[in-house]
Amino acid sequence: MKHQNIMLDNKFGRKSRIPSDRIVNSKLLNDYLHRIFPSAEGIQPTAVVEGRLGPSIVVLDHTSGFEGLLLVDDDLLGVIGHSNFGSIRATTCVYKGKWIYEVLISSQGLMQIGWCTLNCRFNQEEGVGDTPDSYAYDGNRVRKWNVTTTNYGKSWAAGDIVSCLIDLDEGSISFCLNGVSLGTAFDNISRGSGMAYFPAISLSFKESVAFNFGSRPLRYPLTVLLVEGYRPLQDKPATDLVKAHKLLGYLKNVINIGIDISEGKLVERDSSTWQLHGEPTVLITLAHIFNNFAPLMCKVYLVEDVLMNFLLSILEGGGAVEAHPLIQQLLDLMWLLMEDYEVHECLKQLLMSLLRAYRFSPIVPDLGLQIHYLRLTIAILKHEKSRKYLLHNVLFDVLRSVVFFYIKSPLRVEEAGLQELIPTTWWPNRFNKEGKETKEVKEESAEERLRRRAYERGCQRLKKRIEVVEELQVQILKLLLNNKDHGGGGASRYIFLNKFRKFLQENASNRGNLTVLCPPEYMVCFLHRLISALRLYWDEYKLKNPSALSSEDAYVPPQLFYNGKVDYFDLQRLGGLLSHLKKTLKDDLASKASILIDPAEIQAVTMDDLDEDEESALSTAQRPAAALAIGGALARPSWLSSPTLGRANRFLSTAAVSLMTPRRSPGALEKVKVRTLNMEQRTEEDIEGSHGNEGLLLGKPSEEPEQQITENSLLEILDGIVMMYNLSVHQQLGKMVGVSDDVNEYAMALKDTEEKISRCPKRRIDICEELLKSQKVFSEKLNHLSRRLAWINVTIYSKEKMQDIYWLLRVCIRTIEHGDRVGSLFAFMPEFYLSVAMNTYSALKNYFSPVNSMEELPGYEETLTHLAAILAKHFADSRIVGTDIRDSLMQALASYVCYPHSLRAVERIPEDQRISMMRNLLAPYEQRPWAQTNWILVRLWRGCGFGYRYTRLPHLLKTKPEDANLPSLQKPCPSTLLQRHMADLLRSDREMAPSFLNSVLNQLNWAFSEFIGMIQEIQQAAERLERNFVDSRQLKVCATCFDLSVSLLRVLEMTVTLAPEIFLDWSRPSSELLLRRLAQLLNQVLNRVTAERNLFDRVVNLRLPGLESVDHYPILVAVTGILVRLLGWCHLAERATAVLLADPCFQLRSIQYLLGHTEPVALGVASSSTDKKHFSLQSYTDYISQEELAKVEQMLGHLSEESKQAAASTLPTSEEDLCPICYAHPISAVFKPCSHKSCKACINQHLMNNKDCFFCKATITGVDDYIKPATS
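If you're matching positions, the sequence shown starts at 274 in my numbering and goes up one per residue.
By construction, these hints were calculated from the structure, which means they are not laboratory data. There may be inaccurate statements among the hints.
Listed next, with one range per pair, are the computed distances between beta-carbon atoms [claimed, not checked]:
no. : residue 1 : residue 2 : range
1   : 1133      : 1046      : 42 to 50 Å
2   : 1240      : 701       : 17 to 25 Å
3   : 1053      : 980       : 57 to 65 Å
4   : 1528      : 1339      : 23 to 31 Å
C-beta: ideal position from N, C-alpha, C; glycine also.
Put together the whole structure using the sequences plus the hints.
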């Protein structure tokens, strides 16, 4: 037994030498350790520290020290603002000495952090720094506050750490940001009797931070504590720390030293390959070490300072994580030698510390800190038992593990070392007049080429470093998605799947509390890593099962949407609410999918139940701490605060005294809980299925192929990824494009400034100096932004990220196509699949295109065509009932036809689908949102109409558009193919044409009347002598009505051009009526717009902001186009001419006005506007061709001649014989059975919309010709 004595000697030091005749046993070790570490009992409490008052454990004062509404974590160290401006202070104050605490910034919004006294009184408008004895730093506005405010410090960002220092000996307050001093903020602060300062913060709604008063090791202690003598408010556990370090030393000795039994001596060995071989001496020694070590490893400070640093040191040598099995061995030891509850608490605190360290580590050029923490996370998660415990209880329940997949974007590029990584900056500087980067390749200078290439090399260096981090993050997800680790319960993937679904539910059902939501910037990174991990497993399965689909052809089968195996919470389906669909489609479910709906299930959800659920959600969200103790905790309002928050959070409210207790009975709460747990407790068999059980794929329709897709669990993850994109990823992708827009704006400003410098006269030194200052500011800003943009392009808009989004688009397209094949059951598909299909395409086109070209993606043309087919088919699909999704589909199709690439894709879809789309577009405009439909028809025509080849209106050319990429500002690209389909439909369907044109004429009548009414109000307001303002919304509505009128006129022009016989072939029943109505409307528009010095003229000349599009040109060329087409149609032109001249509103001067012929000025009237330039189509030679002008002149000559002849042949009509409705035409029709009379035009128009008599409201059964009886 000699070697056992030697072993002890080496483990615990020379003084513990044991006589050689004694055997190492449990009692011997126990006695030794008791002697080294005396019992904690009887130890006197720590003496009061001079200069500090309050509890030794410092937390936020949740009982009285707050103002407003706040959410405070379980550990009372994290806080989220829940009102306009909430304030809270700590429980401990200081009055003497030097003190420090740290604040971990989780969101970068409006906050004031610092110190206050007990006498400070805050409210919803004033917080820390707004009263005389409170002092604060605000990194959002980069200012310091003490009643007044001045500039101070740097701007902070999420992930930064602010150190707050107070020196009560010198009377000064200062702050540090990420360990870098910002200088003294305040000196000569109030001191003396009764003056003690509490740490305090004021923060606005949804802003969040976590405090560290010393309960954890300070992140930036070195420069502060050692040099200047500052102390944290809470003392570190010194005794426990010494004990833990000693025990860790003993543990290291056991690992580093082995027993050579043959030689009877101890030998040093490589600790990295150490394994527990069951040697009794080693086991007994370790058991006693852990007996003392385990209780310490449940304490936050010790886990972070001792255990985490020790584990990190194991991995410091580099190499793959697999090359360091010691961590696995140590975790085995912990599970073997510690109580389960101790291991659980230790692992929880360890992961919390790792997450906090990862999130709040500064960005360095090689991302070494982030890589270090991720490698340890991987090493821990490689341990199966630990991984499953963490998945079950920690990763989604206690902390937000999504942070591990986030790579934060540096706000201050110089601190992130991007200046060294990307020493040369570059930005595009070739712009056209509209501020849009030119597509044409211009010759760039040699210097510019060198700069661009150097910048691109720097971006590549950055990309390689970020890819290392991304690869580690994917490795973490691969461990969590492992489905082969069946030891000790279900595989990790199925635990992850249930937790992931719960995570999606929390982010999708946000009625209760906005702070539950995962920040969108985290969602973006999580989505990309999850796609990478999913595709790896998908293709791995394909290798083992060649008959399965590859990830390139992935889709979600339709049965997932209706078989109830996957929970979609309360998300909207295409056909409406799930309960409604189960009722209306239960027969189809039974016949097509062999799924029987239990009648009791259909009746289970009533409106009363829904109301009760909503009340419960609201009452839970508003309950204060006292109520929570009775009714259950808030549903994890922790997302925006520290990464370590629990589900149960205290809700602080200064008005909480009268707040309520839970309204629902415990029974009802239990029912909801049981339903949720069922979804969370699904097993592998429930998901993957087994013999005779299809799992998630229950109810396969006959239309679905028999081919296996992949593992069912991967299908559910894919479904979750699509949902994630819809929740917040798309919104975040659009938000980050702002940096690129900023670069373009500054580049334009710099270019403009440099041009001004080159033109500046040498004698004007003052101007030149100012311009040079501006140039310097713009250059510095561009250097900063271009480096920041490089980071964003690599992390968010890289080619690989673009391919992920493209893959997601194709997944959605295939899913929709497969869902469409199951007929009525398509209604069960969640709306977000269609939304994601449209949004991913929009993102690829608008957000990624400056960096990577969409045209280079594989199968791009084919994908465009498939998406075009979906939009063309489903924008009018009766199975889709939601107005929002129908509007989105219509808008997507409208945008699609504006761009040549996507319009050609629409033309490539099968002919029957194209014709069906045009039929839906030509349906009557009543009872549906018609403006977008009309816009689509106009875009298909734009480029073919009279004077309709412009991109922007002539009078707006000199102004810069807000966004040159808007669909409405794209060059005309008409589709003659779709125009031909429209003409064929209008000709062949004799019922469609009248109903469509009647609705267009009705809407034109309404839109133009509304426009005229509104400009009358605007004119009256403008003429008032007193100062007045016209509501901008009224101007916007007015301009919209004008634009609608022009669009409707263009659709009429299109119809007259493509199928003139609808108006002119009077063998058709409604042709004459439609022609008369058209003539009437055209004359009304001409009379209103062409009269000089009239209402329209005066409002146009005001040039009010908001009415930029209102001008003579767009509306007059549209009307001219219709007239030219009508009157130039060969043998039937006389018919059109006669109807136009017969209309009582016709005035020849309106036609003359088009060519600049003005009416003569009456005698005695001052010619105030003779100098004014008159409107004439002849002045728009860039927009109207000579051929078109010739047709207008020909039309004017024709109408002049015909109007003379008509005037000569017209006989006077008695007033009694005129139609009592219009007073324009003679009575020519009598109604049956009431015998009232009118002209044919009035009654025919009336009968298109109403069957009741004008006068007596009797139902009209027939109309006969009226012949006036001869007078006697």
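Quick check on a hinted range of 17 to 25 Å for residue 1240 and residue 701, using CB atoms only.
Holds - the Cβ-Cβ distance for residue 1240 and residue 701, about 23 Å, lies within 17 to 25 Å.
Assessment of proposed distance window 57 to 65 Å (beta carbons of residue 1053, residue 980):
Given a distance of about 59 Å, which is inside 57 to 65 Å, the answer is holds.
Range hint compliance [Cβ, residue 1528 to residue 1339, 23 to 31 Å]
holds (28 Å)
How does the Cβ-Cβ distance of residue 1133 and residue 1046 compare with 42 to 50 Å: does it lie in that range?
holds (47 Å)
The structure is consistent with each of the numbered hints, conforming to all of them.
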